[in-house]
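**Student:** Residue strings, one per chain:
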Amino acid sequence: MAKAAAKKSAAAAPSVERRPALIGQELSATGVALAVLPPAERISLRAPDASVAALSKALGVTLPRKPKTSAARAGRTALWLGPDEWLVIDEVGRDPLADCAEVTVLHSAVGISHRNVAISVTGPAAAATINSGCPQDLSLDAFPVGAASRTILGKVEIVLLRTASDAFRVECWRSFSDYVFLFLSEAARDAAA
Amino acid sequence: MKKYSVFAIAREAMRSHKGWEEQWSSPEPKKDYDVIIVGAGGHGLATAYYLATVHGITNVAVLEKGWLGGGNTGRNTTIIRSNYLYDESAGIYDHALKLWDGLSQELNYNVMYSPRGVMMLAHNVHDIQVLKRHVHANRLNGIDNEWLTPEAAKEFCPPLNISRDARYPVMGATLQRRGGTARHDAVAWGYARGASARGVHIIQNCEVTGVKRAPNGAVTGVETTRGFIGARKVGVVAAGHSSVIMNMAGVRMPLESYPLQALVSEPVKPVFPCVVMSNTVHAYISQSDKGELVIGAGTDQYISYSQTGGLHILQHTLDAICEMFPMFTRMKMLRSWGGIVDVTPDRSPILAKTPVPGLYVNCGWGTGGFKATPGSGHVFAHTIARDDPHPINAPFTIERFRTGRLIDEAAAAAVAH
Amino acid sequence: MLLIRCPYCEEERPELEFRNAGEAHIARSADMAATSDDDFEKFFFIRSNPKGIIYERWRHMHGCARFFNAVRDTVSDRFLMTYKAGEPKPAKLPGASE
Amino acid sequence: MIATFRIPGAGRLKQAETARFSFDGQSYAGVEGETLASALLANGVHLVGRSFKYHRPRGFLSAGAEEPNALVEIKRDSARRTPNVRATVQELYDGLTAQSQNRWPSLAFDVSALGDIASPLLSAGFYYKTFMWPKSAWKNFYEPRIRAAAGLGVAPDQPDPDHYSARFAHCDVLVLGGGAAGIAAALAAAETGVRVILADEQADFGGSLRFESGARIDGQDGFAWAQGAVATLKAMDNVRVLSRTTAFGYYAQNFVGLVERVSDHLQNPGRELPRERLWQVRAKRVVLATGAIERHMVFADNDRPGIMLASAARTYLNHHGVAVGRNVGVYTANDSAYAAAIDLKKAGVGVAAIVDLRDNPTGSVIDEARALGIEVNFGRAVIRAGGKLRVSSMTVQPKNGGGERTIPVDAILMSAGWTPSVHLFSQSRGKVAFNDETKRFVPGTYAQDCVSVGACNGTDGLSATIDEAYAAGAKAAKDASVKNAGANTVKGTKPKVDASESWSRGMLGAAPGAGPDTTVKAFVDFQNDVTAKDIRQAVHEGMRSIEHVKRFTTNGMATDQGKTSNMHGLAIAAETLGKPIPQVGLTTFRAPYTPVTFGSIVGHARGPLFDPTRKTAIHPWSAAQGAVFEDVGQWKRAWYFPKAGEDMHAAVDRECVTVRKTAGLFDASTLGKIEVVGPDAAKFMELLYTNPWEKLEPGRCRYGIMLREDGFIYDDGVVGRLASDRFHVTTTTGGAPRVMNHMEDYLQTEFPHLNVWLTSTTEQWAVIAVQGPKSRDIIAPLVEGIDMSDGALPHMSVREGRICGVPTRLFRMSFTGERGFEVNVPADYGQAVWEALWAEGQKHGAGAYGTEAMHVLRAEKGYIIVGQDTDGTVTPGDAGLDWAVGKKKTDFVGIRGMARPDLVAKGRKQLVGLKTKDPKVVLEEGAQIVGDPKQAIPMAMIGHVTSSYWSENCGRSIALALVAGGRDRIGETLYVPMPNGTIEVEVTGMVFFDEKGERLNG
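Note that the protein sequences, when read in sequence, are chains S, F, D and W.
In my numbering, each residue carries its 1-based index in the first sequence increased by 403.
In my numbering, each residue carries its 1-based index in the second sequence increased by 259.
In my numbering, each residue carries its 1-based index in the third sequence increased by 727.
In my numbering, each residue carries its 1-based index in the fourth sequence increased by 15.
You can take every hint at face value.
Cβ-to-Cβ under 10 angstroms is the rule here; a few derived chain D residues that face chain F:
#, residue
1, 728
2, 729
3, 745
4, 769
5, 774
6, 775
7, 779
8, 783
9, 785
10, 799
11, 803
It should be emphasised that the hints constitute simulated quantities derived from the structure, not laboratory data.
We treat Cβ as the ideally placed atom computed from N, Cα and C, and that holds for glycine.
Chain S on its own, in the form it takes in the complex (with noise of 0.2 angstroms):
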């Protein structure tokens, strides 16, 4: 279904830049270390339990059931935000749009490959910079690797993944971006504490 928003990216490469947000930006503070991840194409994937088997084949990562949990596979993964929502995230260059365009099964996938901006947040410090602004429990017991979550960054809503011990991914709307970036610079300058 849904195959008007989905046409295949045969036709010709763009004529013009893109311009991603943030492009470039990095910051290192003792214990901490911020960089803008490079782009990446992302879904936003909708579907009912019937369909999740079909549509996990289609995109070779079985979608996570369990609340808080992400599941990866070959540079793709996939994101549990909801009883019925995933953020489907491919930082090698295949759009789950495609793959999901093949799939009949009832569902609905958006893209939103423009609508995210990603920065990672990683060494030791790390959990403490984004609880600067992140009122969830950030242990490792709590938020173990691989725990992906929707949650607040100070005025803004965020998305979060930890993709190790001492390594997050920042996942933010684009005009948010800004402020995430200047954020968690702020914060961490005071993480070491």
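Starting from the known structure of chain S, arrange chains F, D and W on it as the hints suggest.
**Tutor:** Frame of chain S; chains F, D and W shown alone:
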């Protein structure tokens, strides 16, 4: 009632202030009264006062579950203004403002009404449209409210940050010079003293637990923690608890009760000359006679009778205060507290007769009830005494929600495009 | 800041992630257009506003984004339980005195 | 200057670390790490402040956070002045500059102290009884003078250069208070492996062990034990130890706010360190180990500098190595002051006498005091202190009357007993209970998962305290980790108490000599100048609730929040009322425990982090072109693009003309966008919008109106149907989040049977509106895969294809009345595609236009803006949008609300056009409209101007207005009364330009 004056103070000073009489008496409840007012806040006490002084009805009891003036009266940021948009609102708030001016003399109690000016800030084009609409409507209603440029606003309130680089720059402001503040406790105490002196019984620590009705539906009195007390008429002025009391009479209300917080700073020398309100950045601030910055916060998002709220609500407020007044980050919060505000769907009050004969209700003042205290009490007393609303409160019915004739001040300030 | 158990996320999460959505179990009429003025008033304006146990709706706005229902004591602000949208009003409340 | 009151060998500070500091311009030497209070005392300075009302000279009452008197201003530089700092808390650093407050011209000679002489007039609540005549005098005369006299310090007047940080933290066990009890509880909890946070407000852990010379634990001096134990805790991975950190607020569900003072004690904090750090901790269990606060004795002139709490004098001696005098008197109602006398005596300080109210107390401290040769008097009271800027004597009398004796002293140490610090417990909504025997309120009923231990729980004695605390810490750890129980057994051993001091009891209220029959000034609340007499007066005036007494006298409302005064005030009120204390009740404890800076609460949320500033992908281009931006919600939108020499009106006129003459480019990216996907998408749209959607062909668009259930317009926007199961919905800029929430609400809770999902795509797409007769010519060369002919792409249609090689959703639509398009491209390409369109546009003479021109252009066509022309009280009928309401529909949100009697009544305000009789006059938006301009004020207003502009294209002003019965008044003349004259207007239709709509295809 012995008159208060500087001479009385001098006289009392000679005898170590041992000759003052009680400001109000604390009688035992009688078996019945002509009128029972439920709730000894400012509005309830004012109602009793005007029942006695204007309508000659003195066989009145004001029942209070705690201590008089201990609810929202004693918990608010004391802002007084009348520059409301709609005729109905402007009518009742300006009626109150006219009574504020002279209330100290009327009550022989210094309520410290101080027309220091209430300034409301415009931070964007939409704010300008909305506030100018108010200015124009107020002018034609005979209510003072003027438009100020940012520079004029700064002149009136020097701490104001009018930099164009501010996150939400000040693009202008309205100023109601008659607006200002008053001393909240004094309002309750002054009305209590005046009512008590005229024979009204103020009965504290007396919680209403039921409303009794005759077979014909009319009220006959109230059950309380101190026994049944009969009355021909019952006026409910219970603020956050209005739904609870009205339910006892079988009337379900279009009300929700939310925690509303406020805070004060440590006292400092005079630094803030007026009241400043910003709806866009959600900040309300003035300085008390004692020197404390008095700051109103927003409501919590959920219904609660706990009189406490979340820290993040105060954070949100102080963020805005420090954005507008960046020199205040080093000031310290001394006290924070919460009240329970009862809010109607159109954010305007209900002052009306009810479907139950002999039962009247005055509620739904939301976050803005203090400023209305004298006017509200005055017209509510009329409504009870005559069993018919005063023209000023006639639009503030319960039925308006069913028919759709709302008085929606909040919607009129709707966030735009 | 309250701590609210989201029945979809199956854990307690901070209030900052949630948005209250008013009283629960007020059904929208299947035949809305035919509703009387009185019934419309009851549906849209009249609220229980209880001092005590409230059945209310929340949305885990900045979490799983689901609406759900909660039972809370409005005097203590303590949550008795939360349950998914569409589930019936619980007949019995945990920890509530009967 | 040599610090003459330092006792060699006493105290724990390294004497080598000398710090120079100044107070009121006088330079002194102190020791780094001690408090400012200690350093001043070491230099023999007691007079440091003036009281609030009477401006009486004041010294140090305490050695801690409960200090009511010694408030000073600390000034690092002109922007970093902090008023009302407690000198007993502020740590000394080299170069510290402090000033006294609330005095003029100087601390020793304060003119306002005349208030003290006039004090008989300034009784409790005097201001309620006077200053009323004449009416205007309050505001113009009395109030300014009262205000000038009130207030303590001076507020800073420059933006604060310091920064503040914040942290959310979670733990299993949060221990508040780092005295013996807190440390023991933390040890027990930490040893089980659970996550523990231990916080204390002082720089050094130990609490009362800082001054209790008689405490020995695990074979060491108590304070040394505390340091060792804290070092052990700090070394554990599962423990965070926070010093200088005050838990100021205990909120619902074990959420505790703490402020850590990070750099106020440092000489050069540097730019990186925050001044303070807010910790917001969610704890599974909280252990309250907040100790107790010593009370003063309430007797005449008990406020003279040099009169202080006995424990404070001990702290200055045993911790800081400073003697508070050379010849001290002691006045007590319990044992603890004896220990102070003994310590001082042993340190070589003269102790003139101990005056004990009790008749025949016994105990080892009394024996020891006597053995040291100290004069001990039982059953006697200090009825008066002598001296003014410094205490010079105490006058002693048998407590039931008799001969007086005046003893020269230079300090008085006093103790009326100890008040458990139940502040945080009470904030947690726990109910305190009064113990009649010990005369104190202690924790009674708990409301949250917390436990009180030690002195704050009324537990006496170090041994009992440690037993209780250690057990509570272990239990809290166990309770907090029920999931992996068993793994959590205490591995350590309980600290063993070898020697301890203990005291309890004492007295409440006014001491003999300050009773109801007296007129002396015996202070209960020092800072607010509340005396025992004031409290009695309040009761006599009918204040029967302790809350009334508090508010009437202001007892306990000063910056110390009544830490030393509340219990005395309560006892005096109870005595006057003739009621037992619990019946009078305790006032509510409110956050914060001690004052906290606004900065610490605000944290990072300042400047650019106050609120996000949202910018579109095209923003940099607009900024480079010199656009002026306006705030719309959090968004910055290009308002107009002035060229050199142009003001706003000139720029807007030019932009408007250019659009209608050739074409204009407009950044519409901020419009909300929601993708509605699923087989039931059209059904869902039918329910959420007033319009019919089922029959809208894929590839076509429709203007949709969304109502609230009450029938008023909530939002609007153009909706394109991309496929039978996919809609691209647009919303207003400001409305996007609430529209999404509104849709989700109905979908999830009212229409969950529908198979449809919603996704916000606002930020996925940059949107470039190209409007004007040349718009197609500008776009067409860049587009691939879309037939741009009018036949293939008629007005109100949408196609997917490519532009500049980038995927696009190309809408043919118009908010200007001209032929128009909205080009949606993925956001990262937004600016580049804009630049390509701009380059094409230049060939045709097109320009960019901003939101102001957009507003004018749409007004010329009578298109409404929700939120400007509607205000939440406007129905589709009022707005002239009945045509957009599906007449055959049986349900949609708002269908019933809009049928309520007053929403269909005659005479409602309706949107119409207005033309001023003088075409050059532009009405003011918000101006009110009347039918009869001659009527007196208050005038009957029948409407107001919602939109008003100069229209260069029409060559005249135009306006939209909501007017009662407006559509029936078309052609009528109405009036807009303005301050400088009434403006005549004609009511017209809403379309001012191209009434036939021919230009849509022009």
